[in-house]
Every structure is written in C-alpha cells, then in structure tokens.
Amino acid sequence: MSETSALNGRVAEGATTVRDAGLQGMITLRGNLASTKLKAICKEITGQAMPKAGQAHLDGDTGLAWMSPDELLLLVPHGQVAEVIARIDAALAGQHYLAVNVSDARALIAVEGSGAREVIARLCPVDMAPEAFGPGDFRRTRMAQIPAAFWMEQDGSLRVICFRSVAEYAFGLLSNAATSPAVGCL
Amino acid sequence: MLILTCPCCGVTGEETEFHAGGEAHLTRHGPGSSDDDFENYLFLRENPRGVHFERWRHVNGCGKWFHAARDTATLEVFGTYSAQTTEPPQDIIDAITAKRPGWSWREFK
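Protein chains in written order, with our numbering: chain A, 1 to 186; chain B, 1 to 109.
Simulated from the structure, these hints should not be mistaken for lab results.
Be aware that a few hints might be false.
So, partial list: chain A residues that the calculated Cβ filter (under 8 Å) puts toward chain B [stated by the list, open to error]: (1) Gly54; (2) Gln55; (3) Met67; (4) Ser68; (5) Pro69; (6) Pro125; (7) Ala132; (8) Gly136; (9) Arg140; (10) Arg142.
Glycine included, each C-beta is placed from N, C-alpha and C at the ideal position.
Produce the complete structure using the sequences and hints provided.
Next comes the structure, spelled out in structure tokens:
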C-alpha cells in the first residue's frame with residue numbers, strides 16, 4: 001500500500017478550492033448486485049444499503065457507489081482495505097465475484113466552494129444544474145481527456161476520482177477551471 | 001451533436017462519453033466458411049444515408065456495450081437497446097417506422 005497520495009496533499013486555494021483528498025481505501029467489487037449475500041456483506045462493511053443506478057451512499061470515507069450494472073465501488077478507510085477484502089472473500093466464497101484493492105490505482109480530489117458545480121460543468125459533458133445533479137448522485141464520465149467519476153457530498157462539495165497516473169493532469173484541469181470567476185448559471 | 005442514452009446504466013450523455021463500435025447485428029463467419037461469407041463479414045459494411053444500426057460502448061461510463069438505432073443524416077436517435085440480441089426489438093422497429101415510413105436496412109424493414 002502506498003504511503004502517500006498521488007498529489008501529496010496539494011491544494012489550490014480560491015473561491016472554489018481544489019485539494020488532494022488524501023489516501024482513500026477503494027475496493028472494486030464485481031458480481032451479481034442482486035445477490036443477497038453480496039448486499040449483506042456490503043451493508044455489514046459500510047452500513048449502507050445497495051445504491052440505485054447513478055447513486056452513491058456515503059458517509060465520510062465509508063460507503064458504496066454504483067459503477068455499472070455489475071460493479072460497485074466500496075469506499076473504506078485506507079488502512080482497512082486488506083481486512084475488508086478478507087471479509088468479502090469469506091462472505092462470498094463459492095459465488096462468482098471479484099474484489100480487488102484499487103486504492104493505489106486512483107486519486108481522490110475534493111472541489112469545494114460555491115463554484116464547485118461550475119468547475120465540473122466546464123470539464124464534463126454532464127448537466128450540473130441543482131435539479132439534475134445533487135447530493136448522493138454519482139456519475140462516471142469524461143473529464144476533458146480522461147475518464148473520471150464524481151459525487152456530491154451533503155454540503156454541496158464534490159469529490160472527483162481519477163486514475164493515479166493522470167492525477168497531475170486532473171488537478172491541473174480542476175484548479176485551472178476553478179480560477180475563472182463563477183458565471184452564476186448554476 | 002449525437003445524444004445517446006445507455007440502456008445499461010440509464011445515463012444520457014453526448015457522443016464523446018461513448019465510443020462507436022461499427023455496424024450492428026453482424027454474423028461472424030470464421031474458418032470453414034465460404035470466401036463470399038468471409039469477405040462479407042470482414043469487409044462489406046452498410047453506409048446508409050438515413051436509418052442505421054450501430055454498436056456503441058459507454059466507454060467513459062459503465063463500460064457496457066449496447067446497440068443504437070439512429071439516422072446518419074439528422075443524428076436523430078430512434079432508440080438504444082441491449083447488446084444481447086441478434087436483431088432490433090419490435091419497439092425500436094416501431095419507433096423507426098413511425099418516423100421514417102418505408103425504411104429498410106439490410107434484411108430489416
């Protein structure tokens with residue numbers, strides 16, 4: 001496990017602040033999302049019910065995000081990943097599933113402030129109007145030239161996940177988009 | 001701009017979130033097939049002005065393949081449907097017929 005995040009705590013302060021959200025434990029869980037055993041172990045680990053398509057059930061650094069019809073992203077504290085995967089393996093033994101630690105393959109960036117929606121809207125082909133995207137929504141999409149995923153926290157701030165190898169590029173994109181003043185359309 | 005709705009995750013996104021996968025509903029002819037069948041499978045493709053059926057992949061989203069029926073001239077999308085089928089479902093055919101009476105594409109009409 002990596003000891004430092006890809007962006008090593010970088011922060012771009014401003015009206016909308018972009019900052020490295022640090023190390024986050026992430027587990028890709030593929031399998032039949034309707035399976036009772038799978039739902040039960042996810043609930044046991046995160047305390048959250050199975051999210052619907054395009055949703056994430058999160059509380060701080062723990063939760064579940066819906067990635068595709070057969071894929072979930074489990075967020076757990078970075079230090080607990082190995083133990084959690086062992087629990088999943090024990091619970092789903094005999095079933096067709098895959099649980100992999102992807103924590104160090106990803107970077108997590110926080111976009112905070114009143115202009116957070118506009119920062120994302122400048123980079124992603126996603127309707128970021130409050131009635132179209134709100135807290136609890138989760139979206140995988142394209143951010144400029146890279147794939148990315150993001151969700152909105154209850155306080156209106158956004159968390160963006162991208163691959164670790166493009167973390168520099170993603171941080172550059174977000175911090176550059178955050179330097180322009182808000183247009184006020186969102 | 002082409003706007004597609006992924007039938008797997010329900011996301012409606014624009015073209016750059018997806019990747020085109022070429023003509024839909026091809027039958028693979030491999031070793032042992034006739035030269036004509038193999039040539040047809042490997043090289044010969046529809047290039048219509050109007051109704052067209054294509055494969056698409058939600059590459060920057062859920063990652064799944066699906067089918068789309070659209071008009072190549074107007075970019076109007078008649079519908080998207082599962083990749084796990086060898087022919088367009090009836091509701092897609094009906095939607096096209098309602099908007100383009102008399103259409104035909106390969107063996108479908």
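Each hint, compared with the structure:
1. With a least beta-carbon distance of about 7 Å to chain B, the hint placing Gly54/A at the interface is held under the 8 Å criterion.
2. Annotation: interface hint on Gln55/A violated; nearest CB of chain B at approximately 11 Å, more than 8 Å.
3. The beta carbon of Met67/A comes within 7 Å of a beta carbon in chain B, closer than 8 Å, and the hint placing it at the interface holds.
4. Among the interface hints, the one on Ser68/A holds; its C-beta lies about 4 Å from the nearest C-beta in chain B, closer than the 8 Å criterion.
5. Contact between Pro69/A and chain B, as hinted, is supported at the beta carbon level, the nearest pair being about 5 Å apart and thus within 8 Å.
6. Evaluation of the Pro125/A hint against chain B yields a held restraint, the C-beta minimum of about 5 Å falling below 8 Å.
7. With its C-beta approaching chain B no nearer than about 10 Å, Ala132/A sits outside the 8 Å limit, and its interface hint is violated.
8. With a cut of 8 Å, the hint placing Gly136/A at the interface with chain B is violated, because the nearest CB-to-CB distance is about 16 Å.
9. For the restraint placing Arg140/A at the interface with chain B, the shortest Cβ-Cβ distance is roughly 5 Å, inside the 8 Å limit, so the hint holds.
10. Checking Arg142/A against chain B: minimum C-beta separation of about 4 Å stays under 8 Å; hint holds.
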